[in-house]
Amino acid sequence: MKKEKIILSFIATLFGLLVAGVAFYLFQSTKTISNSNTKTISFVSPSPSPMPSIFLTLDRPKDEEVVNSKILLVSGKTSSNAVVIVITDSLDDVMTPSSNGDFSTTVNLDEGQNILEITSIAPNGESITKKRTVTYSQEEF
Amino acid sequence: MLKKSLIFLLTVNCLMLSVVSIAHAATPTPTPVDKIQEIRDQLITNIASRVAALKLVEKRGIIGIVTDVTNTQIVVTDLQNNTRFIDVDELTKFSNPDFKETYGISDITKNTTIGVLGLYNKESRRILARFVNVVTIPFIIHGGVANIDSENFSLNITTEEGKQMIVDIENITRTSSYTQEEGYVRSGFSKIKENYNIIVRGALDIKDKNRMTATRIIFFPEIPASPKINSMLEHTKK
Chain A
1 MKKEKIILSF IATLFGLLVA GVAFYLFQST KTISNSNTKT ISFVSPSPSP
51 MPSIFLTLDR PKDEEVVNSK ILLVSGKTSS NAVVIVITDS LDDVMTPSSN
101 GDFSTTVNLD EGQNILEITS IAPNGESITK KRTVTYSQEE F
Chain B
1 MLKKSLIFLL TVNCLMLSVV SIAHAATPTP TPVDKIQEIR DQLITNIASR
51 VAALKLVEKR GIIGIVTDVT NTQIVVTDLQ NNTRFIDVDE LTKFSNPDFK
101 ETYGISDITK NTTIGVLGLY NKESRRILAR FVNVVTIPFI IHGGVANIDS
151 ENFSLNITTE EGKQMIVDIE NITRTSSYTQ EEGYVRSGFS KIKENYNIIV
201 RGALDIKDKN RMTATRIIFF PEIPASPKIN SMLEHTKK
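Taken in order, these protein sequences are the chains called A and B. Using the numbering used here, read the first sequence as starting at 1 and increasing by one per residue. Using the numbering used here, read the second sequence as starting at 1 and increasing by one per residue.
Hints in this document: simulated from the structure, not taken from any laboratory. Source: prediction; values computed, not measured. Among these hints, one or two may not hold up.
[Unchecked claim] Taking CB as the label site, the calculated pair distances span:
#	chain 1	residue 1	chain 2	residue 2	range
1	B	Leu91	A	Ser53	47 to 55 Å
2	A	Ser90	B	Glu194	28 to 36 Å
3	A	Thr106	B	Asn111	31 to 39 Å
4	B	Asp34	A	Thr57	53 to 61 Å
5	B	Asp205	A	Glu140	39 to 47 Å
6	A	Ser53	B	Asp87	43 to 51 Å
7	B	Ser190	A	Ser53	29 to 37 Å
8	A	Ser90	B	Thr179	17 to 25 Å
9	A	Glu140	B	Lys122	14 to 22 Å
10	B	Asp89	A	Leu73	27 to 35 Å
11	B	Gln164	A	Pro123	20 to 28 Å
12	A	Thr57	B	Asn121	23 to 31 Å
13	B	Asn111	A	Gln138	27 to 35 Å
14	A	Leu73	B	Arg125	22 to 30 Å
C-beta: ideal position from N, C-alpha, C; glycine also.
Start from the sequences, fold in the hints, and give me the full structure.
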């Protein structure tokens, strides 16, 4: 008797699930979206910005460097036809790099933190700037 | 039975004695040579740990704008827009050129620009400050000359970021130019023309963020303003 009851309830559950599934399928198939309500979105990949015609790499000084000499060497590499400007707290220095793009100059540092701004400008006006903080201190700690 | 137990006890005793003698032989009394070796090893270990500590810490100097300050720590945003944590202890010295009396951490407020010199720990990425001083960052702009106001001795400069800046020329302004032929020479306001590539260093106007007073100017008669600036200028003219 008990076994019959269990089988019957199992069959009833299965039947219920089947009916619910069919009903859900029918409901979903009736849902249609008209063409007027749809929007076509096309993803356009952004056009890459043109690569700058100029580059600037600094060999010296390192950013946040602490030195105990008042005279500091600034050196690096850039486009050979560029103009390099080194701006310090006290003065500016303008130079043209060598045929292979190397440049170097010395600057005088003030006591404490000095901000060095090194800019390279190409003949067409494009430029690139790098900043360095260099501290001149003779304090021992 | 008694005999057997006696033999057993004797055997065990002999074995114990032999073990003790072997152990004694393994740990001989240290000779002077061994002691020197021991000291040398200790020294090498000490030096190695000291070298490792020195490599982990280095002197560094930074400039930043204070974003948060407590009794033991200052948080700043450095020139590269990175957040930096600075530890302060009883050995840290504070100074402010505009402050004649003693200056301390309690005098540092948010938005103050400070220079920090201290020991940077590469592992924790924190700086243990030894010297903290209030500094002024110079304002430098690089762009193209958009307009010249000869009556008021001012220039309108457009930067690559599209920023417009009115630059006032004062008596203190040192103007220079650079050409391939003449090199870097002293020049004057009257030599500046529209569309020249120009770099201006000076101080921002406290009341007007789009105005500055120039202390140094370098302009480049042979180099036009950047193509980006040119297109912006053409767009504004249209």
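Checked hints:
Separation of Leu91(B) from Ser53(A) is about 50 Å and conforms to the stated range, judged on CB atoms against 47 to 55 Å. Range check, Ser90(A) to Glu194(B): Cβ separation about 30 Å, and the 28 to 36 Å hint holds. Judged by the Cβ atoms, the range 31 to 39 Å given for Thr106(A) and Asn111(B) holds: they are separated by roughly 35 Å. Evaluation of the 53 to 61 Å hint for Asp34(B) and Thr57(A) yields a pass: the beta carbon distance comes to about 55 Å.
Range check, Asp205(B) to Glu140(A): Cβ separation about 41 Å, and the 39 to 47 Å hint holds. Taken as a hint, the range 43 to 51 Å holds for the pair Ser53(A) and Asp87(B), whose Cβ atoms sit roughly 44 Å apart. Ser190(B) and Ser53(A) have their C-beta atoms about 32 Å apart, which keeps the hinted 29 to 37 Å range intact. For the pair Ser90(A) and Thr179(B), the beta carbons lie near 24 Å from each other, so the given range of 17 to 25 Å is met.
For the hinted restraint 14 to 22 Å between Glu140(A) and Lys122(B), the CB-CB distance of approximately 21 Å keeps it satisfied. At about 34 Å, the beta-carbon gap between Asp89(B) and Leu73(A) stays in the expected band of 27 to 35 Å. Separation of Gln164(B) from Pro123(A) is about 25 Å and conforms to the stated range, judged on CB atoms against 20 to 28 Å. Separation of Thr57(A) from Asn121(B) is about 28 Å and conforms to the stated range, judged on CB atoms against 23 to 31 Å.
In this structure the supplied range 27 to 35 Å holds for Asn111(B) paired with Gln138(A), their Cβ-Cβ distance being about 31 Å. For the pair Leu73(A) and Arg125(B), the supplied restraint of 22 to 30 Å holds, since their beta-carbon distance comes to about 28 Å.
This entry satisfies every hint, going by the numbered hints stated previously.
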